[in-house]
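A.B. asks: Sequence:
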Amino acid sequence: MKTLRKELAKALHNAATKADQRIGKSLNDVPEYYMNVLIAEHVYDAFETYTFSLEDQLSDLAKDIGFALDDLDEAYRGNGRVDLVFRSKRSKKVKHIVEMKRTLAAPALRSDALRLAMLCAKAPNGHRMEKNFLVAIGHHSADTAAQRAQEMQDWLAKSDAELGKCIEVRFEPVDFGELVSTRGRGVDNPLVGGVWEFKYAAK
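Take 1 as the starting number for the sequence shown in full-length UniProt numbering and just add one per residue.
Be aware that a few hints might be false.
Straight-line alpha carbon distances no greater than 30 Å define the calculated DSSO-like cross-link-like pairs of lysine-lysine that follow [unchecked claim]:
#1 K89 x K199
#2 K89 x K2
#3 K63 x K92
#4 K158 x K92
#5 K63 x K199
These are calculated hints, taken from the structure and not from any lab test.
Generate coordinates for the entire structure from the input sequences, incorporating the hints supplied.
C.D. replies: Pasting the structure below:
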């Protein structure tokens, strides 16, 4: 069965391959916007009912789904934008939010994980945005990506006990084969990454 989580994982692999073939750099060593576009276009081609927008204002999304941005603690707002929004092609209504990262460093992932989880919780009952995603790639040890899934669940519980209880985090790993990093001190280290799905499982 085709799911957005699995399709995002395929998109991440394809984006890493294209960056290597077209630019000669690893995906974590190119501008994040390039990564966003490649992944968005892959998903657009995979789902006939989807369209997308990039760098949307968080305040506009809040209006779209009917909650006051003031109700969202500043710690969850980040820079006030989200990387990628998938929408209904017909109605243009928000379906899911995706944040992208070119690292698996815990401090960088934590703020996005908390924001995505809180947006799941703020979505109206039954809204598609009760499920959102974090996509990340970097040069780390092989088990780092899987470890982050449990850490994210812990971050949610420590940030807000209720949030920790009602949000489920599922991880979809990506095997990048022989692709290696070209970035900074991580040159020639294997690429590691995947997709974390945040789902509001209880009201």
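A.B. asks: Against each hint, give a clear statement of whether it holds in the structure.
C.D. replies: Tested hints:
no., hint, verdict
1, K89 x K199, "22 Å, holds"
2, K89 x K2, "18 Å, holds"
3, K63 x K92, "14 Å, holds"
4, K158 x K92, "35 Å, violated"
5, K63 x K199, "21 Å, holds"
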